[in-house]
Every structure is written in structure tokens, then in C-alpha cells.
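*Asks:* Each chain is listed here by its residues.
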Amino acid sequence: MTTARFDELIHPSTRLSIVALLASTDWAEFSFVRDRLELSDSALSKQFTTLEEAGYIAIERTVSNRRRRVRVALTAAGREAFDGHVAALQAVIQKAQSPVS
Amino acid sequence: MSVPIGESEAHFALSSIERRRQQVIAEINVPPWYWFFLAGGWVLLGLLADFGPAWATIAATVLFGALHAGISSRVLSGRRGSPQLSIRGDLVTRRLPALVIGFLLVMTAVTVGIALVLNADGARHAATWASVAVALLVLVGGPALVGSVRRHAERTQG
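Protein chains in written order, with the working numbering: chain A, 1 to 101; chain B, 1001 to 1158.
Worth flagging that the hints you see were computed from the coordinates, not collected in a lab. Because the structure is a prediction, the values reported are computed rather than measured. The beta-carbon is built from N, C-alpha and C at its ideal position, and this holds for glycine as well. Don't take each hint at face value.
[Said to hold, decoys possible] Here's a subset of chain A near chain B, in silico, CB distances under 7 Å, partners left out:
id: 1; residue: S24
id: 2; residue: T25
id: 3; residue: W27
id: 4; residue: L89
id: 5; residue: V92
Produce the entire structure from the sequences given, and follow the hints as far as they go.
*Replies:* This is how it looks when you write it as C-alpha cells:
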């Protein structure tokens, strides 16, 4: 069962979008995330560094057909943090909608 | 648990999460080359049935079936429609491979049916014409089938 836990690191809009996108994938390429979020390479790299340092994502760099590829995946810790954050957001809404006793 | 946000911000965050999930669901697909591979193989088998010796038709059918079995397990999950990502299994229905295989079995029956009708009507090269017709159906119907699975996922996920 997921424990609701508001995550200050994930919550900012851009990072929330990145983690939400990765949560629906096993892995995604840097270019996929960049294009869907309409971010510059440098802006996305900065966010990835923050998430990687927190242990929420793993970044794998490979060379295929002479092209550099960067694959990003949510780690188990990142997935747990994301699930907890979603549960916390849902709890906020439930609490606001429940009748005051 | 102390949460430093209000209801409206929580709603906004959850809708943002849902929007990103929909962006991934939009990538559910079977690679386009798969349908061209099938259509090409279908026409080739039809041509062989009309113009080749029986042993070549049998050998080509077995080879085509083996090739298909080899690639279908990878591509029919719908999770690798784009080379840019691998979609999580829980977002894609497990029935997709069964739906595609069922579709192909129906197409096989349609091919035989058309060929028999054409043959009874005295048409020359009945197997070729039947396979061309069904190859076109595969090119149109295959992507349409996957599209309907994707739309179903969009409606039911989240």
C-alpha cells in the first residue's frame, strides 16, 4: 500500500511533469522527454541532475549507430516517491471535499 | 502529514500528471513496418500459390510463420511503437497481441474465402488477387485496430 507523502523535490511543475512522464514508461530517451515538455536541452539536463542526485532517476548513456543516446528511467525510490506524492495530492482533495464534522 | 498546498493546486498537479500519462498512452503502437512486412508476405504467398510449385508455397508459409513468431513477441505488445521509449506494461492491454493474432486469423479466412469465390467464378490467379485484397485490408485494418486499443486505454487509464 502506498503511503501518502508530499515530496517537495518532485512537486515543482517541471519536475512533476518529468517524473509523471517517466512513471508511465520503463525508460524514455532524453529527446522524448525534452520534446513532450518543450524544454531546452540545458533546462532538462539541469532537472535531470537534480533528480539523479536525489536517487529518483537513473541515466544511461549509450552510443548506437554513432549516435549518442541518453535513456532515463525512474528508480524504485523515484517511483515510490512519485506514488506517495500522488497519494498526498489525492488526500488533499479528499480532505477538502469531506464534510467538516 | 503536513502538505503545504491547497485543493486547487492539488487538482492542478493531478491534472498535469494525467496529461503526461496521456502523452505516453498516445505512443502505444505497433511499428508501421510490421504491417508492411505482413502485407508483403501475404502477397508473396499468394503469388507463390498461383505461380510456384506446391513445395515452395509450403516452405514459404512455414518460413513466414516462423519469421512472424520471431518478431511478434517483440512488437505486438504495443509498448515499443516508438524507439524513443518503452511503455510500462500496465498501461497497455495484455489482449493486444491476441487481438492482432485474431485479426490475422480472420484475414486468413477472408483470403481463402475470396480465393475460392474468385476461383469458382473462373478468375485467373485467384490466390494472387485474394492476397492483394487482404494485404490492403491488413495495411488499413491493422493500424485501425491498434488505434482503437489506444483510444480504449485513453478512456480507461487514469
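*Asks:* Need the list of violated hint numbers for this structure, in ascending order.
*Replies:* none
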